[in-house]
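Engineer: Residue-level listing of the chains:
Number of protein chains: 2
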Amino acid sequence: MLDKSLTHARAHHDRYLAQLFELLSIPSISALSEHKADCQRAAEWLVADLTRLGIKNARALPTSGHPVVYGEWLEAGDSAPTVLIYGHYDVQPVDPLGLWHTPPFEPTVRAGAVYARGAVDDKGQVMLVVKALESMLAAGGALPVNVKLMIEGDEESNPAPLAEFVVAHKDLLKADSVLVCDTGFLAPGRPCIPYSLRGLAGAEVRVSGPKTDLHSGAYGGTVHNPVSVLATIIAALHDEHGHIRIPGFYDEVRALAPEERAALAAVPFPLEQWQAETGVQIPWGEPEFSLKERVGARPTCEVNGIWGGFQGEGGKTIIPAQAGAKFTMRLVADQDPEVSLRRFTDYVLSLAPPEVKIEIVPQPGCPPVMTPIDTREIQAAVKAYETVWGAPPIFLRGGGSIPVMATVQNELHIPIVMLGFGLPDSGGHAPNEHFELEQFYKGMEAVMHYCHSLRGG
Amino acid sequence: MLDKSLTHARAHHDRYLAQLFELLSIPSISALSEHKADCQRAAEWLVADLTRLGIKNARALPTSGHPVVYGEWLEAGDSAPTVLIYGHYDVQPVDPLGLWHTPPFEPTVRAGAVYARGAVDDKGQVMLVVKALESMLAAGGALPVNVKLMIEGDEESNPAPLAEFVVAHKDLLKADSVLVCDTGFLAPGRPCIPYSLRGLAGAEVRVSGPKTDLHSGAYGGTVHNPVSVLATIIAALHDEHGHIRIPGFYDEVRALAPEERAALAAVPFPLEQWQAETGVQIPWGEPEFSLKERVGARPTCEVNGIWGGFQGEGGKTIIPAQAGAKFTMRLVADQDPEVSLRRFTDYVLSLAPPEVKIEIVPQPGCPPVMTPIDTREIQAAVKAYETVWGAPPIFLRGGGSIPVMATVQNELHIPIVMLGFGLPDSGGHAPNEHFELEQFYKGMEAVMHYCHSLRGG
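So the sequence lines, in the order shown, correspond to chains F and L.
Heads up: the first sequence begins at 274 in my numbering, then just goes up one per residue.
Heads up: the second sequence begins at 274 in my numbering, then just goes up one per residue.
It should be emphasised that the hints constitute simulated quantities derived from the structure, not laboratory data.
Errors might be hidden in some of the hints.
What the hints assert, rightly or not - Straight-line alpha carbon distances no greater than 25 Å define the calculated DSS-like cross-link-like pairs of lysine-lysine that follow:
| no. | chain 1 | residue 1 | chain 2 | residue 2 |
| --- | --- | --- | --- | --- |
| 1 | L | Lys329 | L | Lys447 |
| 2 | L | Lys447 | F | Lys589 |
| 3 | F | Lys309 | L | Lys589 |
| 4 | L | Lys484 | L | Lys309 |
| 5 | F | Lys656 | F | Lys589 |
| 6 | L | Lys277 | L | Lys309 |
To be verified - Per the computed footprint, the stretches of chain F lying under chain L, defined by three or more beta-carbons under 8 Å from a beta-carbon of chain L, are:
| no. | segment |
| --- | --- |
| 7 | 495 to 503 |
| 8 | 507 to 518 |
| 9 | 613 to 620 |
Beta carbons: idealized from backbone N, C-alpha and C, even for Gly.
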């Protein structure tokens with residue numbers, strides 16, 4: 274049955290690629306309101322394709338943003354697990370357009386890769402799952418597992434609509450695990466499985482001093498400068514080794530197990546690569562942790578922006594009336610965004626001198642996500658990668674946050690499996706985004722292996 | 274001779290006031306290019322008035338900005354001192370216009386004061402000097418001292434044109450002392466003499482980290498955040514008592530003599546007034562110095578503005594590529610702007626960690642100004658105040674900087690005497706600016722007393 278599916282897929286590479294081209298040609302940029310109709314069009318294209326290939330109840334469900342494409346195939350029986358498949362059909366804006374070698378919405382194959390906006394993030398990966406389903410249904414008339422699809426259109430611009438959608442449709446989305454196809458390899462031939470994502474907590478801190486900008490000649494030396502106060506607070510957030518000084522901040526941080534450290538140490542990440550990516554020569558941060566550990570397994574407290582007083586050309590001799598800064602903390606298991614925010618707030622207030630007023634405005638956050646790696650789903654993913662690429666995946670802790678994954682974890686309480694096939698430097702958010710055809714076709718096979726393996730096949 | 278001059282002035286109050294109204298009616302706002310012709314018109318009005326009353330060689334000399342009104346009367350003889358009279362005919366903008374009770378360029382007398390833009394800053398004070406000269410020339414055909422006038426038109430907007438003018442016309446401006454009529458009383462009946470002004474040194478500090486704003490999920494924990502670095506630098510500029518921590522910064526600061534401290538202690542400045550003016554409840558700064566001492570006799574290092582990263586609404590999870598801030602130091606005798614700036618620069622660079630690049634861009638500065646109070650000019654000023662108001666002036670160190678005064682001090686090497694007659698809350702830069710008629714008329718008499726006293730009369 275699996276063999277027949279694989280054979281069917283291989284026989285239809287060209288048609289599948291042509292269908293991917295159709296979807297890639299729709300400029301479904303979710304952030305730009307002038308592309309609202311294009312997002313709708315991409316959703317409808319997917320509904321039509323899913324319906325044609327045998328997915329039931331395929332439809333575009335409204336949200337507060339762009340529609341979510343839903344569909345299901347639930348005929349594998351009660352004993353078979355149900356997989357909720359997540360992806361997104363919206364894409365990033367295309368600026369700067371002048372750097373594209375071919376137009377972003379006219380897909381082109383060059384040197385074995387499809388070039389187009391959305392090629393790897395995420396239309397190419399959505400389509401390899403959809404075409405895996407199509408191959409299995411066409412070859413055997415059935416899927417080894419029950420399947421629900423949730424393909425959203427707001428991933429690149431606004432996490433709120435999908436979060437609301439998940440909360441509102443908990444019953445519809447009921448499943449045993451989530452399959453996310455939106456990540457990538459460490460290098461060609463080196464698959465990886467991110468098994469955790471960092472959470473997020475954030476706040477804006479506003480410091481108010483004098484009732485108006487003051488003449489620094491008339492008052493300088495007597496008025497506490499709000500920018501200085503804010504700077505003192507920011508400076509007190511870290512010690513000279515990059516440790517966060519918020520009392521209790523690390524209390525709930527789950528320690529890295531020796532085998533995790535060993536696994537992360539096996540992740541190839543040469544300093545030269547970090548230097549090239551960041552443009553910085555010398556890394557910074559907790560010296561007792563490696564770069565990969567700092568990004569994936571350690572929390573941060575970052576100032577994302579700051580402002581206050583005169584920012585124009587030349588000089589203005591004032592004591593600014595106000596200053597402000599935005600902060601986000603990246604959280605790891607088992608930190609809680611609310612607890613972390615409260616500790617941040619308490620610490621900032623404890624640093625505030627009596628001459629100024631401090632206002633702290635919380636920003637939306639999300640908890641960290643962590644999937645145990647000894648689950649049957651993760652083991653099935655390992656097996657799928659090994660079978661298709663002949664190499665075991667590397668387990669990685671991801672540094673980023675995908676708010677909807679936290680929503681899924683918190684609302685649906687099911688393991689999240691990230692199977693991803695992008696290669697580094699695919700330009701997911703940059704000009705000349707591309708996706709290697711080999712990854713597209715092999716990814717399709719990996720998904721088929723995964724589904725069969727999940728069934729215990 | 275002085276008596277006849279005073280009598281003449283008193284007999285012509287109404288005409289002098291009418292002439293002040295004429296000058297106040299010209300909207301000579303130097304900052305706004307649409308008022309360029311009005312500035313020219315105000316200069317020409319003054320040239321005509323000076324010529325009519327007997328000042329020689331009165332003319333509007335071009336500068337890189339608005340013209341300087343020059344004139345002279347040098348017939349007092351070689352044994353008489355020469356006084357360079359400084360003032361300005363340009364005025365501040367009038368926004369917010371809606372808050373004015375009468376139009377800013379339609380002078381009106383209400384409750385014993387002239388209301389108009391420029392009434393006190395500085396047309397009213399320029400005119401009281403000019404009318405003092407007129408009274409003395411009309412009553413006796415001569416002045417007790419030689420006089421040169423330098424009435425500029427850029428004071429409210431740009432210090433450069435006059436600074437260039439002074440450097441370019443050193444010979445023309447040669448004099449024994451400068452009389453500045455552009456300051457004020459501490460309170461009705463309480464004249465004061467500012468005998469020092471703070472200098473200024475400034476720089477912009479730019480911190481560069483990654484080559485672009487980085488995703489804080491992918492890199493947070495490994496990249497030193499430029500805003501954090503800048504904050505650490507700013508936080509290190511002061512200790513918790515408000516002392517500046519730049520090594521050597523205070524080395525050249527002239528200590529306050531016991532008699533100066535006593536004089537400053539006599540300056541009435543209730544905390545309630547400071548609170549009302551600043552909108553702050555609790556003062557800040559070096560605890561071993563009073564508020565007046567901190568403002569007038571102590572240097573500062575102030576951050577005037579800061580920026581970096583994301584300043585918009587909501588959040589953006591980035592590590593900013595860059596951050597910057599503007600700084601100015603207010604300097605006191607005998608600090609040097611270049612030395613202070615070098616120490617600031619060295620200190621900032623010493624605080625910079627190796628993970629970032631620091632660029633320091635100097636801004637224009639000026640040295641502090643200090644006139645010894647035991648000069649004959651200052652003693653003449655004391656006598657003039659005492660004679661007209663029956664109260665000795667309070668000696669005050671001013672906190673602000675008037676760059677042209679530093680130029681005068683450095684280029685002409687002559688004592689600067691600030692005789693000023695504005696009252697507090699005259700709205701010099703605000704709506705409903707006004708100047709009390711009594712101050713206008715008595716100020717005129719004080720100037721006549723001052724000139725006679727200078728001659729030794």
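Engineer: Hint by hint, which ones does the structure fall short of?
Structural biologist: Hint check: 2, 4, 5, 6, 9 fail, others pass.
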